[in-house]
Amino acid sequence: MLVHQLRAEQRLYWRSHELAFFTFIFPLLIYILLGSVYGDDPIESEGVTGSEYLLAGILGYGVAATAFAGLAIIVVLRRESGVLKRLRGTPLPGWAYVGAVLASTIIVFTIEVVALLVLANVMFDVPYPDRWLSLALAVLLGVVAFAALGVALTTVIRSAEGASAVVNAVYLPMAFLAGSFWTPQAYPPVLEAIANLLPLTYYIQLMQDIVLHNEQIWADWTNVGVVAAWGIFGLVVTVLRFRWEPREG
Amino acid sequence: MPAVTVSGLRKAYNGLEAVRGVSFDIAQGEVFGLLGPNGAGKTTTVEILEGYRHRDAGTVSVLGADPEQAGETWRERIGIVLQSSAMYVNLTVREHVALFAGYYVAPRDPDDVIDLVGLAEKRHDRVKTLSGGQQRRLDLALGLIGDPDILFLDEPTTGFDPAARRAAWDMIRSLRELGKTILLTTHYLDEAEQLADRVAVLRKGEIVALGTPRELTSRAVGTEIRYRRDGREVVVETNEPTKTLHELTGEALARGVELEDLHVLKPSLEDIYLELTGGDEE
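Those sequence lines, one after another, are chains U and L.
All residue numbers for the first sequence refer to my numbering, where the first residue is 800 and numbers rise by one.
All residue numbers for the second sequence refer to my numbering, where the first residue is 63 and numbers rise by one.
Be aware that a few hints might be false.
Quick list of in silico lysine to any residue cross-link-like pairs, SDA-like style, CA-CA up to 25 Å [stated by the list, open to error]:
hint, chain 1, residue 1, chain 2, residue 2
1, L, 266, L, 72
2, L, 190, U, 816
3, L, 328, L, 291
4, L, 266, L, 101
5, L, 190, U, 933
6, L, 190, U, 881
7, L, 190, U, 840
8, L, 190, U, 958
9, L, 184, L, 222
10, L, 184, U, 815
11, L, 190, U, 818
12, L, 184, U, 810
13, L, 184, U, 820
14, L, 184, U, 958
15, L, 190, U, 943
16, L, 328, L, 302
17, L, 328, L, 272
18, L, 266, L, 291
19, L, 190, U, 810
20, L, 328, L, 310
Source of the hints: derived by calculation from the structure; they are not laboratory data.
All chains, full assembly: derive it from the sequences and hints.
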């Protein structure tokens, strides 16, 4: 049943061209764009080139786009249109549905990661990472944690019209502050302080460690811990506040 | 054992009682109509029976189970058509029906169900290209795909044009022939009259009348006899139409006059309905 639903979820995702563009193609385009501008600048603190540094940032942006923003929008649209309500009226178990949606997001983000790595390699000669297992685990962690946060966000969105507005207002500043797009200047202290709270900041650091510095995911638990803690927070909000149906009246 | 038993059902939203002590039974294989104006509590009642809503008081049994506690095996036997259509617009009709078929242990054949609801020609079209009436038929297909024992239809024909409504009625009649128990809500009288074996009229959360359409129309309000005399219309209301008519015609014959434009009118369900609901249809 999970596989059956997963197949449908994949079909639905790729057929929804706007959503697939916004969450899947867009990060790739941003990488090409920024990589072309800053790609050759050396990042002395990290000992890598701009295109390498950006790769980690856009990998983080990718998980925010697919698992956080994309999923939040899908869930709000399905809730408000009544699709979730209808599903509740069938014998499809809740776990099978949630599992299928998560698995579908993992597939999408995995393809995105591979596409980014290939793009980085072909366009900017960024070497492929060695730590594939760590990278796979990081993909898994990222999707689950950011999906939980995305679904948690849906609990404060009241209408389908508001979905992309609220989601963009949260995730674009987050991606910017967390350093997805990398700016050469340092941030003012206030923004720096906010950035230090965001899960994406830590997720990007984790990606830097794995992809740029060939470290294992278990080498340093700080980044994993913060991302996981945010994920658990999202899960708790979801469990407490999630609605399957549109608000009454 | 009845398919549905409801007794003393109550439900309030924010202190406002939407359902105030409703009781009825639905027999196996019966088509039961819940009739009433908007806001009478029809959808609330049905959604409690479907397991969507928590009730404040009363007992409810659907196929022998309490909908609030019932699990997936119970859902296998329930078909639901909600008031508003909701579906994946990017799937084709066939894909959509097949997707839902996969949720059931023993579904009906998707192609058969698509044929049954009259969407055979639209089989490979995306849902978003369907008209409103066609989407409603797909709704019905999704409600039927699990081969349910009981089907809940919440205002299945609202917004249909007359031809589409006739077609839907034929479809619902064919479901009755399959032996399905059907609970239908509607605010159209003619729909209840045409389809339902028994009708409960709801007004402000209470059942104000319950019976076969014939029983409902034969009670209370008398029969009307209308004719014209000297160009003026005369209306006689009576509970003994045979006797009254005999007297009238006997008198007219004796006097050698014609009762012009003579009518005998049985009250329609509409008259009863307007009387019962106080004419507060929106």
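Given the hint that residue 190 (chain L) pairs with residue 933 (chain U), does the C-alpha gap stay at or below 25 Å? 42 Å, violated
Legend entry - Restraint status (C-alpha distance of residue 328 (chain L) to residue 272 (chain L) at most 25 Å): Measuring from Cα to Cα gives roughly 19 Å; hence the hint holds.
Residue 184 (chain L) paired with residue 810 (chain U) [C-alpha distance capped at 25 Å] = Roughly 19 Å separates the two Cα atoms, so the pair holds.
Q | Pairwise hint evaluation, residue 291 (chain L) against residue 328 (chain L), where the allowed Cα distance is 25 Å at most | A | Holds: residue 328 (chain L) and residue 291 (chain L) sit about 21 Å apart, inside 25 Å.
Mind checking the alpha carbons of residue 328 (chain L) and residue 302 (chain L) for me, to see if they're no more than 25 Å apart? 12 Å, holds
Q) For the pair supplied as a hint, residue 190 (chain L) and residue 810 (chain U), is the alpha-carbon distance within the 25 Å limit? A) 15 Å, holds
Review point. Keeping to a limit of 25 Å between CA atoms, is the pair of residue 184 (chain L) and residue 820 (chain U) held or broken?
Key: Violated: residue 184 (chain L) and residue 820 (chain U) sit about 28 Å apart, past 25 Å.
Worksheet item: Hey, residue 190 (chain L) versus residue 818 (chain U), does the alpha-carbon distance stay inside 25 Å?
Response: 16 Å, holds
- Item | Agreement of residue 184 (chain L) and residue 815 (chain U) with the hint, judged by alpha carbon distance not exceeding 25 Å | Holds - the C-alpha atoms of residue 815 (chain U) and residue 184 (chain L) are around 20 Å apart, at most 25 Å.
Exercise. Taking 25 Å as the top limit, are the C-alpha atoms of residue 266 (chain L) and residue 291 (chain L) close enough?
Worked result: 43 Å, violated
| Is the hinted pair residue 190 (chain L) and residue 881 (chain U) satisfied, with a Cα-Cα distance of at most 25 Å? | Roughly 15 Å between the alpha carbons, so the hint for residue 190 (chain L) and residue 881 (chain U) holds.
Notebook entry, point to check: Does the alpha-carbon distance linking residue 328 (chain L) and residue 310 (chain L) stay inside the 25 Å limit?
Noted result: Satisfied, since the Cα-Cα distance of roughly 17 Å is no more than 25 Å.
The structure is inconsistent with the numbered hints 5, 7, 13, 14, 15, 18, although it conforms to all the rest.
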